[in-house]
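Chains A and B are the protein sequences, given in the same order.
When we follow my numbering, the leftmost residue of the first sequence carries the number 1, and every step to the right adds one.
When we follow my numbering, the leftmost residue of the second sequence carries the number 1, and every step to the right adds one.
Please note that the accuracy of each hint is not assured.
[Unchecked claim] Pairs of lysine-lysine residues, derived as DSS-like cross-links and limited to a Cα-Cα distance of at most 25 Å, are as follows: (1) Lys261(B) <-> Lys27(A); (2) Lys251(B) <-> Lys261(B); (3) Lys51(A) <-> Lys63(B); (4) Lys87(B) <-> Lys261(B); (5) Lys63(B) <-> Lys27(A); (6) Lys96(A) <-> Lys51(A); (7) Lys51(A) <-> Lys104(B); (8) Lys115(A) <-> Lys96(A); (9) Lys51(A) <-> Lys27(A); (10) Lys135(A) <-> Lys115(A); (11) Lys29(A) <-> Lys63(B); (12) Lys114(A) <-> Lys104(B); (13) Lys251(B) <-> Lys104(B); (14) Lys87(B) <-> Lys96(A); (15) Lys87(B) <-> Lys252(B); (16) Lys261(B) <-> Lys29(A); (17) Lys252(B) <-> Lys51(A).
Think of the hints as simulated: they come from the structure by calculation, not from any bench.
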Amino acid sequence: MRFIELSCLNEGVGAGNAANPWDQHGKLKEGHGAMAHQVDNGLAGLITDLKQRGLFDETLIIFSGEFGRTPFSQGSDGRDHNPFGFSLWLAGGGVKGGTTYGATDEIGYFAVEKKCEIHDLYATVLHLLGLDHEKLTYRFGGRDFRLTDVDGNVIRQILA
Amino acid sequence: MRIPNSVHTLQLGSPFSAIRVFRGLLRLLLVAFACLCAQAQPNDVLIYGATPGGIAAAVAAAKSGQKVTLVEPSARIGGLMTDLFPKLAELADGLGVIRSMTTKVNEHAQGNYGFHTGFPFFGHPSAHAWISYRLGTGNQNLPGFVVLQSGGAVAPHGGVGLFSSGYLPAQHQASILRVDEPAALPNLRPRESDALQRRRLDFVRSLDEPFARASGEAAVESAIRNYETAYRMQTAVPELWDIRGESEATKKLYGLDSPHKQCAA
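Can you make the complete structure from the sequences, with help from the hints?
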């Protein structure tokens with residue numbers, strides 16, 4: 001194995017269903033509370049276990065959704081999707097722990113400082129795996145393709 | 001957050017776990033230390049706890065011309081984390097948080113394709129397939145890219161195409177393994193003897209290999225590789241799935257003793 005993807009389980013709150021259990025357009029506090037409770041122990045357990053086994057520095061953990069949620073409500077107690085500014089974290093080998101990078105505006109709606117895109121994330125992930133994202137190519141349909149397309153900058157400030 | 005120079009900050013380099021155990025004692029020591037600092041260098045304001053409120057109070061006091069000492073018992077000052085992740089928060093010193101992520105799409109399936117493949121639509125290889133393609137698998141008896149599912153979990157919106165190898169060779173697509181069932185994969189137990197199965201696979205290979213060479217079809221080469229990995233997985237996966245040998249401490253760490261079954265990782 002080289003890469004393991006873990007999916008979350010559905011807690012049956014709000015609009016969250018099996019395919020996107022964090023999708024709380026309603027009952028956000030209750031739904032995110034249940035989802036966070038579900039993964040908190042497992043994430044902490046995984047990090048602790050990897051550290052105890054001396055594997056934390058050889059493992060890269062990525063925790064992310066596909067977008068964030070608005071800083072303002074949708075309906076009475078939900079939040080809508082927010083692709084303009086949200087957070088994710090990396091942990092493990094090569095990651096500078098205890099670091100935050102970039103910022104959103106005053107209300108947490110738009111990323112305004114050191115904006116990142118998915119290609120930046122994967123340029124960084126590949127860098128942490130010892131790969132140059134511009135050189136990882138595959139010829140298909142007459143041209144070279146990349147995971148980072150024609151974009152991507154390694155986010156060096158979060159590297160150890 | 002940048003803290004103005006006029007705010008004195010105290011940081012400890014002690015391991016977090018030690019702080020957790022000795023937190024009470026540490027608080028006393030820190031307050032005593034802060035008082036000593038206060039004597040050595042007169043302060044107008046002493047604030048205990050670099051919470052958002054504490055930091056804001058320190059900044060406000062400093063801006064109004066006060067000399068401020070801000071004291072925090074945990075390993076690091078700064079950073080914000082929701083209290084929805086209490087256990088993870090204790091390990092925040094190991095996290096690198098990006099707080100300025102953006103994506104060009106605002107719908108689940110497109111968003112998931114974006115985060116899996118770098119492109120917001122079906123057809124491109126998952127990042128994990130790229131990694132498997134370049135680095136290979138870490139264990140020759142298992143596929144390079146694995147998705148673990150349990151309970152009612154299904155592929156996120158966008159479907160199993162999120163785990164696709166796209167235009168990369170097919171052996172780099174994900175294998176979905178069920179973590180909460182005795183058999184992680186259906187039909188894992190062979191119905192025939194190992195010797196017979198080996199002969200059968202060798203025979204299929206003797207037909208496939210010349211065809212792969214003659215046709216130049218990468219898909220045939222992938223099929224050969226997938227047969228071989230599947231053969232080895234018959235032994236490797238049940239071994240991997242057997243957690244009886246893990247210590248009670250490890251099982252507890254992953255929440256296997258939790259009354260809330262969803263929490264078991």
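Evaluated hints:
1. For a cut-off of 25 Å, the pair hint linking Lys261(B) to Lys27(A) stands: about 22 Å separates their Cα positions.
2. Our distance criterion of 25 Å between C-alpha atoms is met by Lys251(B) and Lys261(B), whose separation comes to about 13 Å.
3. A C-alpha spacing of about 42 Å is found between Lys51(A) and Lys63(B), which places the hinted pair above 25 Å, so the restraint is violated.
4. Proximity of Lys87(B) to Lys261(B) is assessed by CA-CA distance (about 17 Å); at most 25 Å being required, the pair is judged to hold.
5. As the CA atoms of Lys63(B) and Lys27(A) are separated by approximately 40 Å, the hinted pair breaks the 25 Å bound.
6. With a CA separation close to 15 Å, the supplied pair Lys96(A) and Lys51(A) stays within the 25 Å bound.
7. For the proposed pair Lys51(A) and Lys104(B), the alpha carbon gap of about 36 Å is over 25 Å, so the pair is violated.
8. Between Lys115(A) and Lys96(A) the CA atoms are separated by roughly 19 Å; this keeps the pair inside 25 Å, and the hint holds.
9. Proposed proximity of Lys51(A) and Lys27(A) is contradicted: the alpha carbons are some 36 Å apart, above 25 Å.
10. Our distance criterion of 25 Å between C-alpha atoms is met by Lys135(A) and Lys115(A), whose separation comes to about 24 Å.
11. Between Lys29(A) and Lys63(B), the direct Cα distance comes to roughly 35 Å. Violation of the 25 Å bound is thereby established for this hinted pair.
12. Between the alpha carbons of Lys114(A) and Lys104(B) the distance comes to roughly 16 Å, so the proposed pair stays at or under 25 Å and holds.
13. For the suggested pair Lys251(B) and Lys104(B), the alpha carbons sit about 40 Å apart, so the restraint of at most 25 Å is broken.
14. Under the criterion of a C-alpha separation no larger than 25 Å, the hint pairing Lys87(B) with Lys96(A) is consistent with the structure, at around 20 Å.
15. Taking the CA atoms of Lys87(B) and Lys252(B), the gap is about 14 Å. The hint holds against a cut of 25 Å.
16. At most 25 Å may separate the alpha-carbon atoms for a hinted pair to count; Lys261(B) and Lys29(A) meet this at roughly 21 Å.
17. Using a Cα cut-off of 25 Å, the hinted pair Lys252(B) and Lys51(A) holds, with the two alpha carbons roughly 16 Å apart.
In terms of the numbered hints stated before, the structure departs from hints 3, 5, 7, 9, 11, 13, listed from lowest to highest.
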